Amino acid sequence: RRTKMKRTAPRSTLRKIIKTYKPQLRLAANADLLAWLFYFTFKQECPGAV
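Counting from 1, one number per residue, gives the positions in the sequence shown under my numbering.
Worth double-checking, as some hints may not be accurate.
[Said to hold, decoys possible] With a straight-line cut-off of 20 Å between C-alpha atoms, the simulated SDA-like cross-links for lysine to any residue are:
1) Lys-19 to Gln-44
2) Lys-43 to Pro-10
3) Lys-43 to Arg-26
4) Lys-43 to Thr-20
5) Lys-16 to Phe-38
6) Lys-16 to Leu-33
7) Lys-16 to Cys-46
8) Lys-19 to Phe-38
9) Lys-19 to Leu-33
10) Lys-16 to Asp-32
11) Lys-16 to Gly-48
12) Lys-16 to Leu-27
13) Lys-19 to Phe-40
14) Lys-16 to Tyr-39
15) Lys-19 to Lys-43
16) Lys-22 to Thr-41
17) Lys-43 to Leu-33
18) Lys-19 to Gly-48
19) Lys-22 to Ser-12
20) Lys-22 to Trp-36
21) Lys-16 to Ala-35
22) Lys-19 to Thr-8
23) Lys-22 to Asp-32
24) Lys-22 to Ala-35
25) Lys-43 to Leu-27
Keep in mind the hints are simulated off the structure, nothing from the lab. Since the model is a prediction, treat every value here as computed from it, not as a measurement.
Model the full assembly from the supplied sequences, consistent with the hints where possible.
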């Protein structure tokens with residue numbers, strides 16, 4: 001059996017945080033917010049890699 005990963009923040013909260021920093025970004029309702037957040041953070045930390 002797979003166990004679900006416990007979320008520390010609801011998706012709606014993550015969406016609000018992302019919209020605060022990137023208001024021009026259009027997120028689909030089913031967008032994987034955590035994957036996008038990890039990508040964005042990685043892009044900020046390592047700008048030459050992406």
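Against the structure, the hints:
no.: 1; hint: Lys-19 to Gln-44; result: holds, 17 Å
no.: 2; hint: Lys-43 to Pro-10; result: violated, 23 Å
no.: 3; hint: Lys-43 to Arg-26; result: holds, 18 Å
no.: 4; hint: Lys-43 to Thr-20; result: holds, 18 Å
no.: 5; hint: Lys-16 to Phe-38; result: holds, 16 Å
no.: 6; hint: Lys-16 to Leu-33; result: holds, 11 Å
no.: 7; hint: Lys-16 to Cys-46; result: violated, 24 Å
no.: 8; hint: Lys-19 to Phe-38; result: holds, 15 Å
no.: 9; hint: Lys-19 to Leu-33; result: holds, 11 Å
no.: 10; hint: Lys-16 to Asp-32; result: holds, 14 Å
no.: 11; hint: Lys-16 to Gly-48; result: violated, 28 Å
no.: 12; hint: Lys-16 to Leu-27; result: holds, 11 Å
no.: 13; hint: Lys-19 to Phe-40; result: holds, 13 Å
no.: 14; hint: Lys-16 to Tyr-39; result: holds, 17 Å
no.: 15; hint: Lys-19 to Lys-43; result: holds, 17 Å
no.: 16; hint: Lys-22 to Thr-41; result: holds, 13 Å
no.: 17; hint: Lys-43 to Leu-33; result: holds, 15 Å
no.: 18; hint: Lys-19 to Gly-48; result: violated, 25 Å
no.: 19; hint: Lys-22 to Ser-12; result: holds, 15 Å
no.: 20; hint: Lys-22 to Trp-36; result: holds, 12 Å
no.: 21; hint: Lys-16 to Ala-35; result: holds, 16 Å
no.: 22; hint: Lys-19 to Thr-8; result: holds, 18 Å
no.: 23; hint: Lys-22 to Asp-32; result: holds, 16 Å
no.: 24; hint: Lys-22 to Ala-35; result: holds, 16 Å
no.: 25; hint: Lys-43 to Leu-27; result: holds, 18 Å
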